[in-house]
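Please build the complete structure, drawing on both the sequences and the hints.
In terms of the numbering used here, the sequence shown opens at residue 11 and continues consecutively.
Misleading hints may appear alongside valid ones.
[To be verified] Derived CB-CB ranges, DEER-like:
{"hint": "1", "residue 1": "138", "residue 2": "22", "range": "25 to 33 Å"}
{"hint": "2", "residue 1": "24", "residue 2": "78", "range": "21 to 29 Å"}
{"hint": "3", "residue 1": "75", "residue 2": "157", "range": "30 to 38 Å"}
{"hint": "4", "residue 1": "58", "residue 2": "141", "range": "42 to 50 Å"}
{"hint": "5", "residue 1": "58", "residue 2": "162", "range": "45 to 53 Å"}
{"hint": "6", "residue 1": "35", "residue 2": "165", "range": "37 to 45 Å"}
{"hint": "7", "residue 1": "35", "residue 2": "143", "range": "26 to 34 Å"}
{"hint": "8", "residue 1": "140", "residue 2": "24", "range": "26 to 34 Å"}
{"hint": "9", "residue 1": "164", "residue 2": "74", "range": "40 to 48 Å"}
{"hint": "10", "residue 1": "43", "residue 2": "161", "range": "35 to 43 Å"}
Quick caveat, the hints were computed from the structure, so don't treat them as lab data.
Because the structure is a prediction, the values reported are computed rather than measured.
By construction, the Cβ of each residue, glycine as well, lies at the ideal position given by its N, Cα and C atoms.
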Amino acid sequence: MTPASPAKPDRRPPYQHAADELRREIKAGRYKPGEQLPSYRELQERFGVANMTARSALGVLRDEGLIYTIQGRGSFVTDIEGVGADYTPPAWYLKNSAEPAADGAGLSDVGESGRPEAAELSLAEMLTALRDEIRALSADHRELRREVEELKRTQQPPSWPPAQS
Numbered sequence: 011m012t013p014a015s016p017a018k019p020d021r022r023p024p025y026q027h028a029a030d031e032l033r034r035e036i037k038a039g040r041y042k043p044g045e046q047l048p049s050y051r052e053l054q055e056r057f058g059v060a061n062m063t064a065r066s067a068l069g070v071l072r073d074e075g076l077i078y079t080i081q082g083r084g085s086f087v088t089d090i091e092g093v094g095a096d097y098t099p100p101a102w103y104l105k106n107s108a109e110p111a112a113d114g115a116g117l118s119d120v121g122e123s124g125r126p127e128a129a130e131l132s133l134a135e136m137l138t139a140l141r142d143e144i145r146a147l148s149a150d151h152r153e154l155r156r157e158v159e160e161l162k163r164t165q166q167p168p169s170w171p172p173a174q175s
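Here you go:
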């Protein structure tokens, strides 16, 4: 982490320093789209911060759409062109999965870039819609797992000879 100049102390939290440095490196091309970022432990050592601080720094970048995380594998640079400029994943997601709000706030048509643009949908409305969709997907996932387990039980060949108790 770059030390703050003595003339003007930087009062931003450490996670923001780390996030800013990683953001600069991503935008400068040090980390290419699809490339894995350093692990939490490596970020801890590099920036001299705690594990949760490193996690928070990556959380900021994830919220901005610059990276995505796969549990057990790590964090990777998003491979969508224009990330950080006009890329708005929640708007695209909502355009394809949610109904416009009853008060008329919603999404406009797809723009010249081929991506929909947010009209007057607030961040809170987008997050609420995403949370609801995640809950629905989670319920669907649980149901599918139950169905797969049931199919496995019904399609298992009987063991021969029968097990002795």
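| Range hint compliance [Cβ, residue 140 to residue 24, 26 to 34 Å] | Holds, since residue 140 and residue 24 (Cβ atoms, about 28 Å apart) stay within the stated range.
Notebook entry, point to check: Does 25 to 33 Å hold as the CB distance between residue 138 and residue 22, or does it fail?
Noted result: Roughly 29 Å apart at Cβ, these two residues keep to the hinted range, so it holds.
Starting from the hint 45 to 53 Å, judge whether the C-beta atoms of residue 58 and residue 162 obey it. Given range 45 to 53 Å: holds, Cβ gap about 49 Å.
* Do the beta carbons of residue 58 and residue 141 sit within 42 to 50 Å of each other? -> 34 Å, violated
Notebook entry, point to check: Does 30 to 38 Å hold as the CB distance between residue 75 and residue 157, or does it fail?
Noted result: With Cβ atoms ~34 Å apart, the hint holds.
Taking the beta carbons of residue 35 and residue 165, is their distance inside 37 to 45 Å? Violated - the Cβ-Cβ distance for residue 35 and residue 165, about 51 Å, lies outside 37 to 45 Å.
A range of 21 to 29 Å was offered for this pair. Does it hold for the Cβ distance of residue 24 and residue 78? Roughly 23 Å apart at Cβ, these two residues keep to the hinted range, so it holds.
| query | Taking the CB of residue 164 and the CB of residue 74, does the distance hold inside 40 to 48 Å? | reply | Holds: the Cβ-Cβ distance is about 47 Å, inside 40 to 48 Å.
key: Consistency of beta-carbon spacing, residue 161 to residue 43, with hint 35 to 43 Å   = 38 Å, holds
- Could you say whether the range 26 to 34 Å given as a hint is met by the Cβ separation of residue 35 and residue 143? 32 Å, holds
The structure is inconsistent with the numbered hints 4, 6, although it conforms to all the rest.
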